[in-house]
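J.: Listed here are the chains, written in short residue letters.
Number of protein chains: 2
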Amino acid sequence: MIQKKLEVCLSPALLPLFNIEDSIVVVIDIFRATSSICYGIDNGAEAIIPVAKVEECAAYREMGLDYLLAAERDGAVVDGFDFGNSPFSYTKEKVAGKTIVLTTTNGTHALHMSIKAKQIVIGSFLNLTSLCNWLKTQNENILLVCAGWKNNFNIEDTVFAGAVADQLQELDYKWDDATIAANDMYSLAKPDLGAYLSKTSHGERMKQLGILDDIAFCLHVDITTAIPVLKGDKLVKLV
Amino acid sequence: MIQKKLEVCLSPALLPLFNIEDSIVVVIDIFRATSSICYGIDNGAEAIIPVAKVEECAAYREMGLDYLLAAERDGAVVDGFDFGNSPFSYTKEKVAGKTIVLTTTNGTHALHMSIKAKQIVIGSFLNLTSLCNWLKTQNENILLVCAGWKNNFNIEDTVFAGAVADQLQELDYKWDDATIAANDMYSLAKPDLGAYLSKTSHGERMKQLGILDDIAFCLHVDITTAIPVLKGDKLVKLV
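Keeping their order, the protein sequence lines are chains A and B. With the working numbering, you'll find the first sequence wraps up at 239, consecutive numbering, no jumps. With the working numbering, you'll find the second sequence wraps up at 1239, consecutive numbering, no jumps.
Only chain A is shown next, with the shape it has when bound in the complex (with noise of 0.2 Å):
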């Protein structure tokens, strides 16, 4: 028998390199995307449309659907719009039995771009555990795959990336060298996310724009439980 592989992708740049069609790929852009996603999921949005442009988003209107919008420039909501990407606005009094069509760079390309793997998952420090549970069950190969920002490397998600292996040790996988790597970071990191990852590039970027509080949310560990799964152009909870 083959050993399966468990594998990270530091950058959707990185990912021509990797068999993508043979794997269960999972997204991760923990600030804010698939932070925001796994809420709204667990908190009974019908589906999000991840788009990368404003324009993409705003084209939806235009259809006279009733989806609520999102997207944000600069850490504030579009004129236009209905919320932006904070995670504070896919609670259940918003976001229940709704379609939203989030607009997320670099969520997006990394989603485009594992267009052909087996099965897509979303993953955060909210879904944690229930994420690892399940694809503990699905005996294939796994690729994470880091956002990114702009397509450069960002300690945030491969320090997920890591935390995933973490819980997926017991599955024999063989890692390769990100893997171990991000497992390693993670190992920095446990004792105290927050400080761990202030001093990222992107945390920085985020104080600056006063969203502070976003950060600290999308670091609570296991506090949903749902898996959102890429069905066509949509995000759904996994049955």
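I should point out that these hints are in silico values taken from the structure, not numbers from a laboratory. Just so it is clear, CB atoms sit at the ideal spot from N, CA and C, and this is done for glycine as well. Misleading hints may appear alongside valid ones.
As the list claims (entries may be wrong) - Listed below are the simulated DSS-like cross-link pairs for lysine-lysine, each with C-alpha atoms no more than 30 Å apart in a straight line:
#1 A:Lys92 x A:Lys231
#2 A:Lys199 x B:Lys1190
#3 B:Lys1150 x A:Lys5
#4 A:Lys118 x B:Lys1150
#5 B:Lys1150 x A:Lys4
#6 B:Lys1005 x A:Lys207
#7 B:Lys1190 x A:Lys5
#8 B:Lys1199 x A:Lys174
#9 B:Lys1004 x A:Lys199
#10 A:Lys199 x B:Lys1207
#11 A:Lys4 x A:Lys199
#12 A:Lys174 x A:Lys5
#13 A:Lys4 x B:Lys1207
#14 B:Lys1174 x A:Lys150
What the hints assert, rightly or not - If we take Cβ atoms under 8 Å as the criterion, some of the chain A residues that face chain B in the derived model are:
#15 Ala13
#16 Gly80
#17 Thr99
#18 Ile155
#19 Ala178
#20 Leu188
#21 Leu238
With the hints as your guide, set chain B onto chain A.
T.: What follows is chain B alone, placed relative to chain A:
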């Protein structure tokens, strides 16, 4: 005054994301190309010409020049060549005063991709402190380029980048996320480099090739002082 940058490029595939022209590039291919190059130049080799393929290396023979040709496949010297990629081939007795054509896929790829840099120098554990002392005097942006393996991230090159960052802390340069991560990995690896790197994919491959002595040699810190620098298509000793 704009703060200078210290950045780590984790794979040559990510080089398009960096402003190479504004930086001194350090090319890193620990197992074994840049280690052998540092050792050879320190031992008096007049020049080392890195090429990507055995055929390119062989082409130098046709020129009728008194060059040493180094080419290896699967850990064995290719028939008709003078030696392989083991640093043990780059002793004073063998290389002093000679020009060597060295076949190295990943190292050559990283060099070619970095060609627009202000200057390209070669780093390895062998010349670590000498390299860092020189970098401290340059007042330029610094980009540490990990050659990786076929564009894949690898741990040994990243850990070395972290070792460089560690020595450059006093510069007060702005670090990107990859530099922070590399430095953290180095902090884990430092107490026992050999043990830490033995778990990497490349370390495993080299064990299978029976070149464990080479690996151990490549982890000797500061046994040389020469800094190889690229002039045209040749690596020579920095004056």
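J.: Look at each hint and say if it fits the structure.
T.: Do the hints match the structure? See the list:
1. A:Lys92 x A:Lys231: holds, 22 Å
2. A:Lys199 x B:Lys1190: Holds, at roughly 22 Å.
3. B:Lys1150 x A:Lys5: holds, 18 Å
4. A:Lys118 x B:Lys1150: At roughly 25 Å apart (the allowed maximum being 30 Å), Lys1150 (chain B) and Lys118 (chain A) satisfy the hint.
5. B:Lys1150 x A:Lys4: Satisfied, since the Cα-Cα distance of roughly 21 Å is no more than 30 Å.
6. B:Lys1005 x A:Lys207: Cα-Cα ~21 Å, so holds.
7. B:Lys1190 x A:Lys5: Cα-Cα ~28 Å, so holds.
8. B:Lys1199 x A:Lys174: holds, 12 Å
9. B:Lys1004 x A:Lys199: holds, 18 Å
10. A:Lys199 x B:Lys1207: Violated. Lys199 (chain A) to Lys1207 (chain B) sits at ~37 Å, over the 30 Å cutoff.
11. A:Lys4 x A:Lys199: violated, 34 Å
12. A:Lys174 x A:Lys5: holds, 5 Å
13. A:Lys4 x B:Lys1207: Holds: Lys4 (chain A) and Lys1207 (chain B) sit about 22 Å apart, inside 30 Å.
14. B:Lys1174 x A:Lys150: holds, 19 Å
15. Ala13: holds, 6 Å
16. Gly80: violated, 33 Å
17. Thr99: violated, 34 Å
18. Ile155: holds, 5 Å
19. Ala178: With a minimum Cβ separation of about 5 Å from chain B (threshold 8 Å), the hint on Ala178 (chain A) holds.
20. Leu188: holds, 6 Å
21. Leu238: violated, 29 Å
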